[in-house]
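Add chain B to chain A, keeping to what the hints say.
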Amino acid sequence: MLTALLWWLVDGRAIGSDSLREPSNAPIIRIAVSQTPLSSPFFIAQSKRLFSQQDLAVVLVPCFGGHKCMEMLLNHEVDFATASETVFMFNSFTQPELRLISSFVESDNDVKLLTLKGGGIVNLTSLEGQKVGVVKASASEFFLDSLLILNGIDSSSVERVYYKPTQLVEALLLTEVDAIAVWEPYGYELTNTVPEQVEQLPSRGVYNLSFNLIGLAGKHRKPEAISGILAALEQANLYLITHPKQSQTLVSETLGISFRQLNWSWQDYLFRLSLGNSLLSNLHTQARWALDRQLITGAEVPNFRAMFLDGKSLALLDEPLEHK
Amino acid sequence: MNLIISRRLLILSLLSMGLIFAVIFSLFRLHSHQTEVNKELQHIMQLQLNLDILRSHLWQFHEYEDQSGFEQAQRTQQALAEKLVLTHIQSDLQPLELLNLQRMNATIGALLEMNVASSRLGRSLEQPHAKSMLQARFNMTIQGMTEDLYRLHQQAINEAQRVTLQLLYLNGITLLIIAIVLAVFAYATLRRFKVGFTMLHHGMNDLAKGDLSSRLCPSQKDEFTQLAEYFNQMKGSLEKTTIKRDLLQYEVEQQTSQLRSQHMRLRFLAEHDDLTGLYNRRAFENQVKIALARDRRTDSMAGMLFIDLDKFKEINDTHGHDVGDFILTVTAERLKGLIRESDLLGRLGGDEFVVWLDLISKKEEVGNKAQGIMEALTQPIEYLGQPLAVGCSIGISIFPYDGKQFTELLKAADQAMYSAKPQQQSAYCFYQGQNLSET
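Line order of the protein sequences matches chains A and B.
The first sequence begins at -14 in our numbering and counts up one residue at a time.
The second sequence begins at 7 in our numbering and counts up one residue at a time.
Simulated from the structure, these hints should not be mistaken for lab results.
Just so it is clear, the structure is predicted and the values come from calculations on it, not from any experiment.
Hints are supplied without guarantee of correctness; some may be wrong.
What the hints assert, rightly or not - No farther apart than 20 Å at their CA atoms in a straight line, the calculated lysine to aspartate or glutamate pairs in the EDC-like style are these:
id: 1; chain 1: B; residue 1: LYS137; chain 2: A; residue 2: ASP277
id: 2; chain 1: B; residue 1: LYS342; chain 2: B; residue 2: GLU371
id: 3; chain 1: A; residue 1: LYS116; chain 2: A; residue 2: ASP139
id: 4; chain 1: B; residue 1: LYS417; chain 2: B; residue 2: GLU358
id: 5; chain 1: B; residue 1: LYS417; chain 2: B; residue 2: ASP314
id: 6; chain 1: B; residue 1: LYS137; chain 2: A; residue 2: ASP139
Bound conformation, chain A alone:
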């Protein structure tokens, strides 16, 4: 504790500290941030002025869904964007200038296969011949396919119906489909609408969602800016772990959702910066799946390794990491 206090005093990076430096004429960095609890590190960093401490003038541009955020990045409306690795994977086929800087949160339970009790689906094998609502070419579809493949169920035996993410819950409630593969917060929405009627089919371990900071090659020549953002995110993650209640309150206020809703999936999130082989392997698997499913045509699996920002930025974080 004493050491932490000393660091706090010497480093001047105390979270929540009011003695913060204002960025001096730093160029404004715009980050498209998906309005989901997965983006919590950004909300915390902004609220606690952790970017300012890094001498960065960061503006968070709200966007709804990783696809939308990615679009803003590719349109050069923003400098960085947040999106799931699935969104990154799909776009990387056509946008080789994309760079995955770092994953900042992971969850192995964000995408769920939900059904309504009494609907005839009691386990995964009973999915055969049923209709499952998914979002086309998304984590939702990849999750469903993985689940089916890994359980030895023929994909063609399940009828998939494509919806927009916002339509999935309604489709299930209207019994247009028998199950839906959906990510948060729609899982909560469904459970909240028809409590005690929702059944989650066992799917842990099938899919690991990550949310990532994505940029464009050559967009930011100065690695200090990226290092600054990562350092701020690292501190924000630390705050998220050490102050879960305050963090949830802050995020729920930012997103305009209830504390209860946020708390619903909070335990599933693993907030940390990462850019490892696990993510690389995940991207490869998903890319091969996308090609197999012919969601992408006439292309090869991109060289994701080259699209990872070199390890220097994360290496720069080694020192602050040790402050934990």
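Leaving out everything else, chain B in the frame of chain A:
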């Protein structure tokens, strides 16, 4: 803070003991911490080994797809799960990586279960890419676990460093504070000792110089105050004793002086006549003997006058003893007025006076003196307005002619006086052997 010195010394020894205990305790804590860290790191290494075995068994399972491979992989996964549950990392925070490792290990378990369940149902993973997807999931998860284990390792090391540093700071600060308090306290006690000793030193120095009146005034309250009080009491007693001795000495001196006065007085009384204050016979004799010895040494001449008052007895009988005493007193006074300092004057008793005329050069000087005495003594003495007249007869003997010893000279003068007595009026007479010369 008026802590008396013995209490201060007690506190000092307690502080020293505290310092010793603090040192022992901090060393013990560091040792315990180091032991704990070693255990943690060894445990993590065990986890890494288990993970490698799991990776190997999963590969085997993937390659051979047999029951044995599955069982091996499952056993290893369960063993790792048990080890993860037993893993304990010293940290203020819940080790996130550890939770994630447990989660991912459970994922491996779930994937294995999924595989075996589908096999039981007769659904082998025959679909294209199904095997590779499972392998990819295994790989992904194992990779994630490897990364998390590395992070856990790093976190354990960081935490160990942090705690070590914290312990060092804490122990260092604690020891420093105790040492500073000890040093300050010891210095303050030393100051107190110095003040006390200086006070006593000055007090003793003053006493050695004989100063009994000054007293020690302690500026602080401690054992030295008590010593100073005893010292002051001792000095007070010493002062009183010295005053008594001085008084005693004074008294002794007074007594001695009185005794000396009394002795002088007694001696005077023993040597002098009560009435006239002249030498009595014995004293006169002693004085003349001394003079004779001197005269013999110097071959000097001396004369002895034996004076007897005439008509004294009649006056005494007629007018009373008081008048007789008055006559004798006046006569003595007149004689005193006539002799030199070197001469001696005595009263042999009654109306008989003797005069020793020392250091005379010739016999005539004695005659002249006798003549002067005679004239003086025959002057009337006025008593209560009444003139009283006495005469005198003077017998003279000369040393060394008429005798060499006092007795001889006195006898010779007495005889000469008797020779002068028969005269009708006052007269003096030299001793002439058997033939007396009258004047």
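Checklist entry - Would the pair LYS417 of chain B and GLU358 of chain B pass a check requiring their Cα atoms to be no farther apart than 20 Å? => result With Cα atoms ~13 Å apart, LYS417 of chain B and GLU358 of chain B stay inside 20 Å; holds.
Next on the checklist: Against the 20 Å threshold, does the CA-CA distance of LYS137 of chain B and ASP139 of chain A hold or violate the hint?
Outcome noted: Distance of about 13 Å is within 20 Å: holds.
Next on the checklist: Need the status of pair LYS116 of chain A, ASP139 of chain A: alpha-carbon distance at most 20 Å?
Outcome noted: 14 Å, holds
Next on the checklist: Between the alpha carbons of LYS417 of chain B and ASP314 of chain B, is the straight-line distance 20 Å or under?
Outcome noted: 14 Å, holds
Checklist entry - When you check the alpha-carbon spacing of LYS342 of chain B and GLU371 of chain B, does it fall within 20 Å? => result 17 Å, holds
Next on the checklist: Does ASP277 of chain A sit within 20 Å of LYS137 of chain B, going by the straight-line distance between their CA atoms?
Outcome noted: 14 Å, holds
Hint compliance for this structure: every hint is met.
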